Each structure stands twice: as C-alpha cells, then as structure tokens.
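Enquirer: Chain by chain, the residues run as shown.
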Amino acid sequence: MRKRHIALGAILVTGALLLAGCSSAGTNKSTSGIDTNPSGKGKTLTLWDYEGDTSAMGIAWKAAIPIFEKETGAKVKFEAKSFEQIQSTASQVLNSNSAPDVMEYNKGNATAGLLSSEGLLTNMNAAYKAYGWQKDLSSSLQTTARYNTKGVMGSGNFYGIPNYGEFVMVYYNQDSFKKYGISVPTTFSQFESALATFKSHGITPLSESSVEYPLGQLWYQLALSHATRQWVTNYQTYTGKVNFHDADFTFAANTIKDWVAKGYISKNANGTKAQDAGDAFQNGTNPIFYSGSWWYGTFISGIKTFKWGTFLFPGSNLAPGSSGNLWVVPTKAKNKDLAYKFIDITMSKKIQNLMGNSGGIPVAADASAITGAKNKELIANFNTLTKRDGLAFYPDWPTSTFYDQINTALQKLVDGSETPTQFLTELGGEYATGVKQITG
Amino acid sequence: MATTPLMTSRRRVVRAPEESLLPHTGNRGFWLYLIPGLVLVTFIVVVPLVWNIYLSFTSWRGILPPVWIGFANWIQLFGDSEFWESFANSVAMIVAMVIVPTVLGLLVAAVLFDLIGKKFGGRVASFLRATYYLPQLLPVAVAAVVIGWILRPENGALNTVLGGIGLKSLEHDWLGDPSTALLSIMFVMVWVQIGYPVVIFMAALQRVDPELYEAAELDGAGWFQRFRSITINIIRPEIFVVTLTCTIAALKVFGPVFTLTRGGPGNATIVPSYYSYNEFFNAQQVGYGATIATALTVVIVLLTIGFIKAQNRVEQSERSN
Amino acid sequence: MAISTSDLRRPPTTESPLKFRARRTKRTVGDWVLLIVVIAVGFLIAVPFLIIAINSFKSPADYGASGPLSLPKSLYLGGIENFWTYVNFPLKLWNSFFISGTVAILAVLISVLNAFAIGIGRVRGRTWIIVLFLLANTVPQESMLYPLYYMFKQIGLYDSQWAVIIIFTVIQSAFGTYLLSSVYGTFPKEILEAASLDGAGRWQILWRVIVPISRPTLAVLLIFFFIWTWNEFLIPLTFLISNDNQTVPVAISLLQGDKIMDVTTTSASALLGLIPTVVFFLIFQRTLTRGITAGAVK
Chain A
184 MRKRHIALGA ILVTGALLLA GCSSAGTNKS TSGIDTNPSG KGKTLTLWDY EGDTSAMGIA
244 WKAAIPIFEK ETGAKVKFEA KSFEQIQSTA SQVLNSNSAP DVMEYNKGNA TAGLLSSEGL
304 LTNMNAAYKA YGWQKDLSSS LQTTARYNTK GVMGSGNFYG IPNYGEFVMV YYNQDSFKKY
364 GISVPTTFSQ FESALATFKS HGITPLSESS VEYPLGQLWY QLALSHATRQ WVTNYQTYTG
424 KVNFHDADFT FAANTIKDWV AKGYISKNAN GTKAQDAGDA FQNGTNPIFY SGSWWYGTFI
484 SGIKTFKWGT FLFPGSNLAP GSSGNLWVVP TKAKNKDLAY KFIDITMSKK IQNLMGNSGG
544 IPVAADASAI TGAKNKELIA NFNTLTKRDG LAFYPDWPTS TFYDQINTAL QKLVDGSETP
604 TQFLTELGGE YATGVKQITG
Chain B
2 MATTPLMTSR RRVVRAPEES LLPHTGNRGF WLYLIPGLVL VTFIVVVPLV WNIYLSFTSW
62 RGILPPVWIG FANWIQLFGD SEFWESFANS VAMIVAMVIV PTVLGLLVAA VLFDLIGKKF
122 GGRVASFLRA TYYLPQLLPV AVAAVVIGWI LRPENGALNT VLGGIGLKSL EHDWLGDPST
182 ALLSIMFVMV WVQIGYPVVI FMAALQRVDP ELYEAAELDG AGWFQRFRSI TINIIRPEIF
242 VVTLTCTIAA LKVFGPVFTL TRGGPGNATI VPSYYSYNEF FNAQQVGYGA TIATALTVVI
302 VLLTIGFIKA QNRVEQSERS N
Chain C
798 MAISTSDLRR PPTTESPLKF RARRTKRTVG DWVLLIVVIA VGFLIAVPFL IIAINSFKSP
858 ADYGASGPLS LPKSLYLGGI ENFWTYVNFP LKLWNSFFIS GTVAILAVLI SVLNAFAIGI
918 GRVRGRTWII VLFLLANTVP QESMLYPLYY MFKQIGLYDS QWAVIIIFTV IQSAFGTYLL
978 SSVYGTFPKE ILEAASLDGA GRWQILWRVI VPISRPTLAV LLIFFFIWTW NEFLIPLTFL
1038 ISNDNQTVPV AISLLQGDKI MDVTTTSASA LLGLIPTVVF FLIFQRTLTR GITAGAVK
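Chains as they are written, first to last, in the numbering used here: chain A, 184 to 623; chain B, 2 to 322; chain C, 798 to 1095.
Please note that a few of the clues may not be correct.
As the list claims (entries may be wrong) - Now the in silico label distances, taken between C-beta atoms and shown as ranges:
| id | chain 1 | residue 1 | chain 2 | residue 2 | range |
| --- | --- | --- | --- | --- | --- |
| 1 | B | Leu-171 | A | Lys-570 | 49 to 57 Å |
| 2 | B | Ala-73 | C | Val-838 | 46 to 54 Å |
| 3 | C | Arg-1083 | B | Ile-233 | 23 to 31 Å |
| 4 | C | Ser-1039 | B | Glu-172 | 42 to 50 Å |
No lab work stands behind these hints: they were computed from the structure. In this text, all values refer to a predicted model and were calculated from it rather than measured experimentally. Positions of the beta carbon are idealized from the N, C-alpha and C atoms, including for glycine.
With the hints as extra help, turn the sequences into a complete structure.
Expert: Here it is in structure tokens:
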C-alpha cells in the first residue's frame, strides 16, 4: 500500500541552476549514433521493474525478453524490484556502477523530473527519432515523458517513454444496480440519484478512503466536472493563477461535504485505506468504487460472486489519469543501444496487444487484436478519454507534499472539523507555499 | 548469591572507582581493547553524524554538490509548528513504548516466573513467554497490514467482535477518529513492545535467590512487598537498560505510524521521524531532512546522557547504602 | 550479584532452571485464575498471527468474496508457492541467515572487547565512551544513509552484504557494549584475583575466565542481535541493490506495489518470513532461562 503518485514537484532553484550543462551522455549523440539493430553477442542487458509477476505489464514485459534475446543475441538479467526500493534509492543506484541498463521509473516532477535534472537519466530524443516512438503517443501521454531543465514535465527533452496508460473511473456492482432498478448514469444528477436510491435502501453507496488516495481523486474529479483544459494546465504546471475558491473547487468541496452529510460517503473513510476500500467493493459491501485502472486485474481475478462493470465519471470530459510509469535509461547504463532496442520491442504490436489482453492499457495496441469484453471496455474508455484530451493527471502532483496535505484536509472535511471554505483556504495556502518552492 | 564477601568487594570498588577490577594492573593498557570498536563507530556513526550536521546548513537533493545556505534550514525548523507539535506525540509514544511496557513487562515477567513457572511448570511459562515475544518477530510493514484488518471500521475484526457480543454502541473508527487514533496507535505499540521487557526481565529474575524470598515470606511479607523490595532491587540494571533503549526507540519511532495512519487523521498521530524520512526520500530535500534528523539526534543524545548520569547516581547511592 | 556466581554454584543440569523449581507449592484457585488471565492475554497477542495464517492459505477470489477474517474455503497453497519461486526464497533465506549470523557473532565480539575495557578495565571517561557507542543507537537510521552510501561506494562495498554486516555490527554492539559493561562492572573480584595469582595475563583472563563465565549473557545478546538484524529493513533495502544479495524482509516488500498489493501472497510471505525467526527463538529460548546478568553500572 504505497503512497500513490508521489508527485513531488519541488525542485530547488539552486539545484536547477547547477544542472545547466549536466545531462551529458545522451545529448551529444546524433541520430546516426543510435544503432537500431545492435548486436548483443556476449552482452548482458540488466532490466529492472516493479510490476507484479501477474500484472498486465509484468506479463507483457516478460514476454518481450525472449524476443529481445533472439533478435540481438544478448542475455537479459531481469530483476524484480519493490516500489519502495526504487522510490527511496533510485538516485543513489543510478549514480553508481550498479545502475541497470533500462528500468521502470515513476513519472512526475519529483521522480523522473528530478533525476533528469541531476543528469542521471539519458536524453532519449535521438532514440525517439530513430525508432519513431513519438507517433505512438498522444500529446497528454507525452507530457509525462519530457522534462525541462528544472525537471518540470510538459516540455523539454524526452527522458523516458511510457509503455501503458492509466485513468480513474467508476467501478459498479451490476447486480446491485439491477436489484434496485438503477441504470448506468450518464449525467451527474443521475449519478447523484443513484447514490440516493442506494442510501434509501440502507446501503452506503460509495466505498471511500481518505487515509490514502481515493477520496482525493474523487474530490479532484468533482472539480474537473466543469473545469477546462486550461484550468488543469494552470493547476499542474503553474502557468496561470490558481484560485482555490473558484467555482470548480468550491463545487467539489461542497459536494464532498454534502455526500458525507447524506451518508453517501461513510465517515469511516477516515480510518479506511485504499486497499480496504477496494476490498469493500470486492466483497459486495459498497456497490460503487471510484478508483483507478490499476484495480482492474485484481477485480477480474478477485470478484466471482457478482457481475461488475465500469463507466467514466458522468458529466465530465476530464478525469484523473496519465501515462503509466516510464522506461528510462540511466546515464551510467552500459548498453544503451540494447536498452533502446528492448524498449522498442515492448512498444511493438505483439507485446502491446498481449498487455491489452492481460487487463492493461497499452499505448500502441492494435484495437482489433484485443479480445475479451472486459479488456475491450477498459481500453475503449481510455481511448474515449485520450481522444477528447481528457487525462487531467492527479490532484497531488503540483507540490512535493500535497499528497499528505490533501488527505489531511479531507479528513477534517469528512469529520466536520473544517467547513468547505476553511478546507479550501488551507489547501490553497499549502499549494501556494509548495509551488513557490519550485518556481522560486 | 548476595553473599557478604561480594558486597564488601563492591564497596571497595566505590572507594576507588578509577581502578581496574584486575588487581595490580592499573587501567592503562585497556584502551587497546577499545580500538576496533572505536574505529568502527567513528566511520559508521561519527562521520555520518558530522556529515549530517554539515548538511543541515545546506540545500541538497542528493546528487549534485550541496549548496551552503547558512541557518536557513534551522530557522525554518524553529518556525515549523507541526514539527514541535509532533514532539507532543513523542511523549505519548514514550508512554506507550516505555512506561506501559516496562511496568506491564515487570508484572508479566514476575507472574510468569514466580507463579506460572513454579506452579504450572517451566514449559507453560516458556511457551507463554514465546507468545508474548511474537510481535517482536514480525516485520513492521506486515504488522501494519494485519492491524489494519483488525481496526478498520468496516468489517474490522474488533468492531465485528464488539457487535457480536452485543456492544454495538462501542463500534468505532479506531484509527480514523482523531480522539482515538493516537490511543489506538499507542495500544499497537504496547503490543509490539511488550515481549522485549518480558524476555529481559524473566532472564534477570533468574538471579533472584529463592532463599531471600523465603526469608522474607517468613518475616510475613506479602507477594507484592517482596516483589517491590527484593525483585525490583535485584533487576534494577535491566530496568535501566530496558527504559533507556525503549526511550530511544520511542523517540525514533516511525514505521508503525507511517504504515498505519501516515500521521493522520489531521495531525493527530504525527511523529518527528515522519518528517525527516519524508524530506529525505519523498521530497528529496536532504538538507532539511538532515536538519530534522540532527535536531532529533541532539534531543535523544541529551536524554541519553542525562539518563546514564542519573543511572550512575542511583547505582552509586545504592552502593554506599 | 552476577550470574557468574550463581552459575558457579548451581550444579550443571540439562533441565531448565524454571522446571527445576516447579511444583513446589500447591495451586490455589487464584493461581488458576491468574493462569487463565495470562493465557487469555497471550491469545489476544497472538490473534494477528492467526489472521496471517488463515490468509496465507486463501485464494485471491476467496479473499475477495469474504475478506480477511473468514476461514479459507479450501486449502490454497498458491500464495506460498508464488512467493517461494518469485523471490527465490531459499536464496533470500540464506542471505538473511548469513548476514544476521555474522553480525550477531561480530557484534558480540566487539561488545566483549569494549566491555572488557570499560567494565573491567574502568578506563577513564568511560561514561562518555559509552555515550559515544550509544550514538549508533540514537542517530536516526535514515540520516545515515546518504553519508554511508558515499563512503561505501568509495571503497567498493556498495551493493555488498559486507556493507550491511559492518553497519549492523556497529549498531548492535552499541547495545551490547552498554549492557555488557554494566555486567562486567560487577564482576566478582575474587575470581579475577585468583586468575591473576595463577599468572594469567589480561588477554588470557578475558578469554579463559570472563568470557566463559558470562557465556549465558553473551548468548542472550547473540539471540537479540540475530533477530534484530533479521528484521531490519531500511538499510538492507538501500544497500543491497542486486536481488541476489537481498534479505527476507526486502523480498516481502516486493509484493507491495505502488497502489495495490497482492494481499494473500503478502500474507503467505509474512508467514514464510516469520517461521525462521520463530524457530530460531524457540531453539535458543532455553538459553534465555539461564539469564542475562547485569550488575550496577560502573
């Protein structure tokens, strides 16, 4: 149960000033410097990731290894890492001779952004060109792959490549919906009346957690309901003024307060972790769970006693979501051409289709090759979102400490110790302080 | 055990405290024996500590050279109200990890050793001791998952049991309600810690001479009286050791808080180490992390020195009595 | 008042001292009540372990349908098998055993040398020397990581089990030095005098007299050091980069992902990870009944 998207933006100005000429290794390579057909005879490619063995990514990437070994003649030394280990030691490992040739790493300013600004990641512009990856990635997916010299995402060089996507949606218990005669809501008011119907039958409709990320993402989703793309850009990349007392934030805070008061969300959310909230949906306690695509595989294998489905949050063009984690090539990697080759194989139709058929969200799959109703539904929803440029990233990304601050403030909103206005004032102040640390 | 010649030999030590216990040798060459230990502790602890003190005056993200920023981190720390609030919770942690386990541990050890061990056999006592020690063997991250299952509000084991025995009104969001979150964590910490004093104290109780007890019994002393005047006296050194090591652990506590509540709800369960860890590894603000860690170290070291001095004083007055 | 004296007097026996004195008095109703109370508390303490055990044998679907508190519908060994092969459990077990065992022995050794100088030798400024050693316990571990990383990288021990062994030898021997110095400070002078009349030098007295007599205390230290080192997480996580070097607790953390975890496999991993330390504790628990000794501190 790790902290979700540790979106720690804070790049010290001092750090940023020092990095001007630091990202060296990759920058000097011209397009012709990339060998797209490298020979790996006698070489070993070290590969790290922290996806579980049975996750869609784990399955797909594992399948890429023999293909790569056959094509290049190199051996792959694969090591499964823990999220926590990469999280707390990445900068140390990448600065040592134990650095792998290619590894999975978290997207975001505080992770890939920070390491790129300190010169630990290879600039992949040339590899992008040589392999033509850019055309596979929609613009919102590219956002998290490029970082400027301060390590802020959205512009600058490519320092990684996302291999899959993720987004947040509504999971619902089809059996419960049927039992109370509720159809899948398509507007916000239908959604609210569905909540009311459940409540009137004594059922708490939403499974929520404010100890960890779920309630924060619901709050952000509510704010996104009427928000514009520009609003998201201002909030996430500090390009414009952000007013926490604007209509969108106010609507979101009031709605959370209202739903708690009406019993749509239990006050127990304050003592519930994300895993517990997922469990409560999984065992049928609550019929609705608003959370991310990362639960998909768990629910497919774990829910056997009822039918379930998903839909995008009604009445909103935007939804929390982004590219998945990135493939990055450390500056100290010893076999960079082989690393690019391996990445390219994971971007191939064959591997991407396998990922899609295993419950993941590939970025470059062949739609016709995806089988299974559940897999199709997931990918179709994701495509709907990206087509309307609807990935709005996550609420905690702007500053390094915002994740905890959002949860802390929401807990006070839920238990009634703060009014929506106080709640927004608190978060607004913390947002401003955090952003100031980054932009100086 | 507590024979007269031994007592006199101890008194002699008090009179000439700087003398080696080995006769006719003085205490000069003994420094040689400290060399391996001192070399190791210098490299592994002192150098990093000094390095941290230096880092607390810099801004550093771990890779590029640190930038000297003078007292900025320290000024920020002193104005950081949450940091100071977190020390209040440290007091709660001391209650939960030092005072309660030590007192309970003494009682449990005495009961297991004196009553259970003597009347129901050593096997029963050994088995129970192993049971009490179990939580000490469990990695914190796993412990947190299980404790979460027990305390969670919906379908948690505790609430289910309360509901089952007709105490539905007592069902509660144990970790989510600010009024009970800290208490719940404290309860968990007692559970984690209790085995350590029990094991140490039971080992120490081996030294209590049964004849001493019998003599006191003949004098008409009750169990508790004997416990107070004989047992506590004899195992006092272990009580000091347990108290000091647990106090250090309580001030440094991090894992259970981080994994169970992340300091919430609100700031109800926040502790100082939470800050430093977060700054080091999540925010990667190594300079500020080092400042918090240094402040924490200073507090702990001062407490340790005070504690050891007090311990010396008590032991000395004990010896001169 | 040291164990040494009691050890010398007590005839060697294979029976534990607890058993030795058992059943001397009659059991009263109060005794039974107390026994029941102590067992009930012991049961409550053990409840979380029972929960781990039942979830270790549950399939993900079973867990999904009925949660963590019900008994498994059928015996499912998949979680244990998954973890065993996924992390190459036997190798991790050996790594943990090697690191913890080496640390326990080295730390006891260092503690003995330090305590000999401080407790027996009574070197000047010993209170401050003890405080210096105790620093290893007082400094928060997270603040040592960056400096130690650069130092060990410099001497080529980054990503080596020896880095972890050296660090924990120092940390554990802090406790050992503190405790053992107190013990040796009350060492019976008669024994030392007798030994030195026989013409033994310091080195000989240490190894032929003091260490054998304080063996029970050293055994207790050894057990604690082993178990404490076994359960350490942060430093092994940071310094053991290659999977081939990793320890059991680090392997358990492999199952906890960014956002979700594989609950039943995690339970199984916890169960597997617990067994070695519990077995170790049970094997050596008899040593504990021989007792630690500590006398007045200097």
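Enquirer: Can you give the numbers of the hints that this structure goes against, from lowest to highest?
Expert: none
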